[in-house]
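Novice: So the sequences go chain by chain: B and Y. Here the first sequence is numbered in this note's numbering, starting from 529 and rising by one per residue. Here the second sequence is numbered in this note's numbering, starting from 2 and rising by one per residue.
Please note that the accuracy of each hint is not assured.
[Claimed, not checked] So the derived list for chain B, only partly shown, Cβ under 8 Å to chain Y, looks like this:
no. : residue
1   : Gly651
2   : Gly652
3   : Leu653
4   : Val659
5   : Leu660
6   : Arg661
7   : Ala662
8   : Ser663
[Stated by the list, open to error] Some chain B residues well away from chain Y (every beta-carbon gap over 10 Å; in silico):
no. : residue
9   : Leu542
10  : Ser568
11  : Gln575
12  : His583
13  : Thr614
14  : Gly616
15  : Glu655
16  : Leu671
17  : Leu675
18  : Asn717
Note that these hints are calculated values from the structure, not bench results. Heads up, the beta-carbon is just placed ideally off N, CA and C, and yes, glycines get one too.
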Amino acid sequence: MVRAMLTAEELQILSTSLGVAGRAVVFSLPVAILFAWALSRPRFPGQGVLNTIAHLPLVLPPVLVGYMLLLAFGVNGPLGGWLKATFGIQLALTAGGAALATAVMAFPLMVRAIRLSFEATDGGLFEAAAVLRASPWDRFWSLALPLAWPGVLAGAVVAFAAGLGEFGAVITFASNIEGETQTLPLAINAALNTPGRDEVAFRLAVISLIAAVVGLLAAEGLQRWARRRLEG
Amino acid sequence: MSLDLRGAVVRRGAFRLSAELSIPSDGITVVFGPSGAGKSMLLSAIAGLHRLAAGNLTFDGRVLENVDARVRVPAHERAIGLVFQDARLFPHLSVRGNLHYAESRRPAARNAPITVEISRLLEFEDLLDRPVKNLSGGERSRVALARAIVSAPEMLLLDEPFAALDGRRRRDFARFLKEYGRDQGVPIVVVTHLIDEAAELANHIVAMRAGRVVCSGQPAEIMTRPEFAALLDPRDRGAWVQGASGHAPGDGVWVRADSVLLASAEPRGISARNIWPGRVAGIMREPDGAILISLDTAKGYILSRITPEALADLKLEEGGEAWAIVKAHAL
Numbered sequence: 529m530v531r532a533m534l535t536a537e538e539l540q541i542l543s544t545s546l547g548v549a550g551r552a553v554v555f556s557l558p559v560a561i562l563f564a565w566a567l568s569r570p571r572f573p574g575q576g577v578l579n580t581i582a583h584l585p586l587v588l589p590p591v592l593v594g595y596m597l598l599l600a601f602g603v604n605g606p607l608g609g610w611l612k613a614t615f616g617i618q619l620a621l622t623a624g625g626a627a628l629a630t631a632v633m634a635f636p637l638m639v640r641a642i643r644l645s646f647e648a649t650d651g652g653l654f655e656a657a658a659v660l661r662a663s664p665w666d667r668f669w670s671l672a673l674p675l676a677w678p679g680v681l682a683g684a685v686v687a688f689a690a691g692l693g694e695f696g697a698v699i700t701f702a703s704n705i706e707g708e709t710q711t712l713p714l715a716i717n718a719a720l721n722t723p724g725r726d727e728v729a730f731r732l733a734v735i736s737l738i739a740a741v742v743g744l745l746a747a748e749g750l751q752r753w754a755r756r757r758l759e760g
Numbered sequence: 002m003s004l005d006l007r008g009a010v011v012r013r014g015a016f017r018l019s020a021e022l023s024i025p026s027d028g029i030t031v032v033f034g035p036s037g038a039g040k041s042m043l044l045s046a047i048a049g050l051h052r053l054a055a056g057n058l059t060f061d062g063r064v065l066e067n068v069d070a071r072v073r074v075p076a077h078e079r080a081i082g083l084v085f086q087d088a089r090l091f092p093h094l095s096v097r098g099n100l101h102y103a104e105s106r107r108p109a110a111r112n113a114p115i116t117v118e119i120s121r122l123l124e125f126e127d128l129l130d131r132p133v134k135n136l137s138g139g140e141r142s143r144v145a146l147a148r149a150i151v152s153a154p155e156m157l158l159l160d161e162p163f164a165a166l167d168g169r170r171r172r173d174f175a176r177f178l179k180e181y182g183r184d185q186g187v188p189i190v191v192v193t194h195l196i197d198e199a200a201e202l203a204n205h206i207v208a209m210r211a212g213r214v215v216c217s218g219q220p221a222e223i224m225t226r227p228e229f230a231a232l233l234d235p236r237d238r239g240a241w242v243q244g245a246s247g248h249a250p251g252d253g254v255w256v257r258a259d260s261v262l263l264a265s266a267e268p269r270g271i272s273a274r275n276i277w278p279g280r281v282a283g284i285m286r287e288p289d290g291a292i293l294i295s296l297d298t299a300k301g302y303i304l305s306r307i308t309p310e311a312l313a314d315l316k317l318e319e320g321g322e323a324w325a326i327v328k329a330h331a332l
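Excised from the complex, chain B in its bound form:
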């Protein structure tokens, strides 16, 4: 049905967007979980720094994030050069780079949702696990993560939905390459800047809106479903 309603160009753009947002979530989720866990623990030295790092993309201009990524991961950047030399991987101007930029921008959203979930878990359960010989690492895998997974799921879906709309960081770091890094917002921007493509821009905007709403509803639904399973 979706196929029948969309043009080949729109399908291409949508699939690029889904691929970029999907990869962004998959790769940043484990890091987000670790950050959220660390931030939900009782205070420890360095926690404030960690918190600042996690939330920085929320307050920085996206263009600046893209620029910083370019400095670090550009072909001549320290990390980019190393990746290219060691693994032959290039991030700047590629779909992988678009995913990285999207991941960085969506990271704070993910960390917040997951952290809330960790914080909502009854700390008494961890004490109960400790006296059953579960080590801290064991308690993380066997209790913290399974109990927080509705939040993890919600964080991932919200980050995915937000990732579909990431613009500034992606265009700065990965540029606007059709079929490679041209996601929905980039395509809308390109269409708006091209005379006679207003209708294309409008259709893409509607697709974007629908994707975002579906994403948010899915996050809400999944979280409710998971909570019901856990609490009854």
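Starting from the known structure of chain B, fit chain Y onto it as the hints suggest.
Specialist: Only chain Y this time, still in chain B's reference frame:
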């Protein structure tokens, strides 16, 4: 062989618990005291969930915590089980899942009941595949105890374990605990604020108030002391008696002063099963006007609370003969 706290101090906010005590490594030790005495905190400190601010803790010669030497064995390496008052079952697992959680983490060498055995012993085999959210309070208590036992602890701590249980379950639970401790050679520490539970379970008793150990030792010795009586609600005043009718010879029971009748002559043709002759050791007038008589019997000192009119009728005097009478079912 015991668990020893020396100069131990635990702090939480403004509350300060200081403990100097030994818990023998066999039988049941009851930690008794009014709420706010710091009993649960003491268990948490022993289990390793609360850090000592000073002093040291050793278990069978092994140092679990020594503040000066900066030694601290974490809770998960202490092999000390703790059953919390609120059960703390893992909500994402079934009953069986909760028990397996403990079973899969115990050292292979430790010999202790496994999930299936314990669920049969504690009569909840039919609950094994239920989610824990569907359990009643009493069921949760039993599963929490089973989970702790399945983890094969070297010492088992229980915080108010009977709170959610009804009469019959309570008695079964108490019997089970005694047998488990004896058969597995696991020392047990039970926290309670109820004098009946304390008297019934204790081989050893630790009395606490306001973050301090008031006294500790054998129930026969400790429970007759004035400083122990001072911990009790006046209505709970009484005596610890071993081998009352309806109870096993070695079992203790708390005989409340309010449930003891006095007779000035040997009673005959009476249904009561506990009739103990003795001499009046003391006659005290209580603030509310009631008279508390202390009777020296073969069972120890028995207390009876009577009215001034009864005292006058019976013509009781210190050193005089009297019989204490208690219904078996009143205990």
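Novice: Taking the shortest Cβ-to-Cβ distance between leucine 675 (chain B) and chain Y, state whether it exceeds 10 Å.
Specialist: violated (6 Å)
Novice: Does the nearest C-beta of chain Y fall within a distance shorter than 8 Å of the C-beta of leucine 653 (chain B)?
Specialist: holds (6 Å)
Novice: Does the no-contact call for asparagine 717 (chain B) survive, Cβ to all of chain Y over 10 Å?
Specialist: holds (45 Å)
Novice: Taking the minimum C-beta separation from leucine 671 (chain B) to chain Y, is that value above 10 Å?
Specialist: Since the minimum Cβ distance to chain Y is about 7 Å, leucine 671 (chain B) lies within 10 Å and the statement is violated.
Novice: Beyond 10 Å on every Cβ pair: is that true for glutamate 655 (chain B) relative to chain Y?
Specialist: violated (5 Å)
Novice: At a threshold of 8 Å, is the proposed contact between glycine 652 (chain B) and chain Y supported by beta-carbon distances?
Specialist: holds (5 Å)
Novice: Against chain Y, run the beta carbon of valine 659 (chain B) and see if the smallest gap drops under 8 Å.
Specialist: Interface hint status for valine 659 (chain B): holds (4 Å vs cutoff 8 Å).
Novice: So is glycine 616 (chain B) really clear of chain Y, every C-beta pair being over 10 Å apart?
Specialist: About 43 Å separates glycine 616 (chain B) from the closest Cβ of chain Y, which puts it past 10 Å; holds.
Novice: Going by Cβ atoms only, is alanine 662 (chain B) closer than 8 Å to chain Y?
Specialist: holds (6 Å)
Novice: Checking the smallest CB distance to chain Y, is glutamine 575 (chain B) really beyond 10 Å?
Specialist: Correct as stated: the minimum Cβ-Cβ distance to chain Y is 20 Å, above 10 Å.
Novice: Given serine 663 (chain B) was flagged as interface, is its beta-carbon under 8 Å from a beta-carbon of chain Y?
Specialist: holds (5 Å)
Novice: Check the non-interface label on threonine 614 (chain B): least C-beta distance to chain Y beyond 10 Å or not.
Specialist: Label holds. Min Cβ-Cβ 39 Å, cutoff 10 Å.
The structure fails to meet hints 1, 15, 16 and 17 from the earlier list, while all remaining hints are met.
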